[in-house]
Amino acid sequence: MEVIRTPITGTVWKIHVKAGDEVKAGEEVAIVESMKMEIPIVSDYPGNVKTVFREEGDFINEGEDLIELD
Amino acid sequence: MTWEEDLRRKAARIAQGGPHNYHQRNKEKNKLFVRERLRLLLDHGIETEDGKFANEAAEGLPADGVITGTGKIHEQTVCFIANDSTVKAGSWGAHTVEKMIRIQEKAERLQIPLLYLVDSAGARITDQIDMFPGRRGAGRIFHNQIKLSGQVPQVCILFGPSAAGGAYIPAFCDIVIMTEGNASMYLGSPRMAEMVIGERVSLEEMGGAKMHCSVSGCGDILVQNEEEAIQKARDYMTYMPANYTKQPKKCGAQHPAIATPRGKTIEDIIPQNQNSPFNMYELIERIIDEDSLFEIKALFAPEIITALSRINGRVVGIVANQPSVKGGVLFPDTADKAARFITLCDAFHIPLLFLVDVPGFMIGTHVEKQGIIRHGAKMVAAMSEATVPKISVIVRKAYGAGLYAMAGPAFEPDCCLALPTAQVAVMGPEAAVNAVYAKKIASLPEEKRQAFIEKKRKEYKENIDIYRLASEMIVDEVVSGERLREELTSRFNVYTTKNVTFSQRKHPVYPV
Chain A
1 MEVIRTPITG
11 TVWKIHVKAG
21 DEVKAGEEVA
31 IVESMKMEIP
41 IVSDYPGNVK
51 TVFREEGDFI
61 NEGEDLIELD
Chain X
1 MTWEEDLRRK
11 AARIAQGGPH
21 NYHQRNKEKN
31 KLFVRERLRL
41 LLDHGIETED
51 GKFANEAAEG
61 LPADGVITGT
71 GKIHEQTVCF
81 IANDSTVKAG
91 SWGAHTVEKM
101 IRIQEKAERL
111 QIPLLYLVDS
121 AGARITDQID
131 MFPGRRGAGR
141 IFHNQIKLSG
151 QVPQVCILFG
161 PSAAGGAYIP
171 AFCDIVIMTE
181 GNASMYLGSP
191 RMAEMVIGER
201 VSLEEMGGAK
211 MHCSVSGCGD
221 ILVQNEEEAI
231 QKARDYMTYM
241 PANYTKQPKK
251 CGAQHPAIAT
261 PRGKTIEDII
271 PQNQNSPFNM
281 YELIERIIDE
291 DSLFEIKALF
301 APEIITALSR
311 INGRVVGIVA
321 NQPSVKGGVL
331 FPDTADKAAR
341 FITLCDAFHI
351 PLLFLVDVPG
361 FMIGTHVEKQ
371 GIIRHGAKMV
381 AAMSEATVPK
391 ISVIVRKAYG
401 AGLYAMAGPA
411 FEPDCCLALP
421 TAQVAVMGPE
431 AAVNAVYAKK
441 IASLPEEKRQ
451 AFIEKKRKEY
461 KENIDIYRLA
471 SEMIVDEVVS
481 GERLREELTS
491 RFNVYTTKNV
501 TFSQRKHPVY
511 PV
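From first to last, the protein sequence lines stand for chains A and X. Its first residue numbered 1, the first sequence is counted upward by one per residue in the UniProt record's numbering. Its first residue numbered 1, the second sequence is counted upward by one per residue in the UniProt record's numbering.
Source of the hints: derived by calculation from the structure; they are not laboratory data. A couple of the hints might just be wrong.
No farther apart than 30 angstroms at their CA atoms in a straight line, the calculated lysine-lysine pairs in the DSS-like style are these [stated by the list, open to error]: (1) A/36 <-> X/246; (2) X/458 <-> X/448; (3) A/14 <-> X/439.
Some residues of chain X that are not near chain A, with every Cβ distance over 10 angstroms (derived) [unchecked claim]: (4) 11; (5) 109; (6) 202; (7) 232; (8) 268; (9) 272; (10) 275; (11) 326; (12) 329; (13) 385; (14) 414; (15) 430; (16) 431; (17) 449; (18) 458.
This one's a predicted model, so the numbers in the text were calculated from it and none came from an experiment. Think of the CB as a built atom: it goes at the ideal place given N, C-alpha and C, for glycine as much as any other residue.
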């Protein structure tokens, strides 16, 4: 089980995946907006999305869980 | 036995290092014998060796566990210190320390680079009175390193452990190359941590190569094996002069890694939308010579790129924001990484090129608690004090103190260039309009708000237009991406006669 965390504090702008989706290693799964920049969140691992912890528009702190893969 | 035979026999025994089982253990870990490492590192092998017979009278301590001497790298004479891990795990006794001190003194007298090939378990506790506390005890090694720093290049290749006090050897070198799986550095071993503070962790977690090269920033270059480590050290030396009074060697003019006619232009790479990421390496490849990128701390704080390179044969240090990682925002680690690299280049006459696309320093409680202000100050101070030729190129945005940290016009760069895509401001249009007109926006009826915001953003953008800044001579020249390499070549050529002293004072009170 792998957890994708945000590397930067900001607002969840877009989430491209939902529970059950398959993701590849290197695939962009979400975009966090911070400092007016779009920060792509990329999965380092392949897997299936188990949980999406946040919704678009949520504030998120650096290092917090965004998406869990199984 | 003749005198001659006796000498040969003794020297041959010393050259074999420690007992067979230690050699065997090294082999199992894919570690080379120290003399083999030196053979690979040096053009023609060891040329002079001092203290070979150190501790010859003692049993089982050939060369007292360290080889010191001189040889050549790319025909430049260098000094070296190389631990022999087959001799009591490369531990330091009294003569080990004295040998290290003497070769450091030699490097200073001769003003030539010094390489540390580290593979050592640390002090021999049984010898501590003779090697630890005194005037020529181990402390002197670090004192000498600090004195040598900025005089001659000091390179550390870490093949094995660098433990406890010994962990400061890499810390005081200019660059630290670590082999994955074998290299480690830590003040207290996992066994000691368990005893003293009750923490249970693996050696890799405590001080492994990958951790240090990606998390702590104590390592600069992570490699997979010893041959690669040695090759990296040799490559690094091609960018360095012998000492601070000399210039790095210039090569013949080369082609850029990617010639524009064959691929996308710089303008093609940079997205129209200031907020969208792009890969700064793609831009770098279009201005530097082919195969000339030598990156330092590639895995640590990758939102900034720090790399040695060549532009038309001339060595140039690049400090570039990387918008594809964390938006290229500056964090405490980003600032530390850049500050360190800038001082390295400035020490050895390596001109600096800043490629700017920076939304600013990170804000929020998280980074304030980490002391982003004092970390950021380190970068600004290092850049400000650097007297080598400095060119800043505003590639895209340069917002807030990000402009300052990246050699903005106030910090005496030799020139500030801008691409047509550049935008310089205290903050971006979105943030600025909110900051200035928040009350006004709130007072407007909802249906009118968006139109008002758009109008103000447009006005703001016109106000920070790059030609307006050029018109006010804030930037010295606006250059097309296509001409950037050529422009940089000419300007670095022109600036070679720069000879500036920043100040006559003793030293600044460093922001740390």
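Evaluated hints:
1. A/36 <-> X/246: With a Cα-Cα distance of about 44 angstroms, the restraint between residue 36 of chain A and residue 246 of chain X is violated, given a limit of 30 angstroms.
2. X/458 <-> X/448: The given pair, whose Cα atoms are some 16 angstroms apart, holds under the 30 angstroms limit.
3. A/14 <-> X/439: Given that 30 angstroms is the threshold and the Cα spacing comes to 28 angstroms, the pair holds.
4. 11: holds, 53 angstroms
5. 109: Check passes; 48 angstroms lies beyond 10 angstroms.
6. 202: holds, 20 angstroms
7. 232: holds, 25 angstroms
8. 268: holds, 19 angstroms
9. 272: holds, 13 angstroms
10. 275: Its Cβ does come within 10 angstroms of chain A, the nearest being 5 angstroms, so this is violated.
11. 326: At roughly 5 angstroms from the nearest Cβ of chain A, residue 326 of chain X sits no farther out than 10 angstroms, so the non-interface label is violated.
12. 329: The claim breaks: residue 329 of chain X does not keep its Cβ more than 10 angstroms from every Cβ of chain A (closest is about 5 angstroms).
13. 385: holds, 27 angstroms
14. 414: Fine: 29 angstroms to the nearest Cβ keeps residue 414 of chain X off the interface.
15. 430: violated, 5 angstroms
16. 431: Incorrect as stated: the minimum Cβ-Cβ distance to chain A is 6 angstroms, not above 10 angstroms.
17. 449: holds, 18 angstroms
18. 458: The claim stands: residue 458 of chain X keeps its Cβ more than 10 angstroms from every Cβ of chain A (closest is about 17 angstroms).
Comparing the model with each earlier hint shows violations of hints 1, 10, 11, 12, 15 and 16; every other hint is respected.
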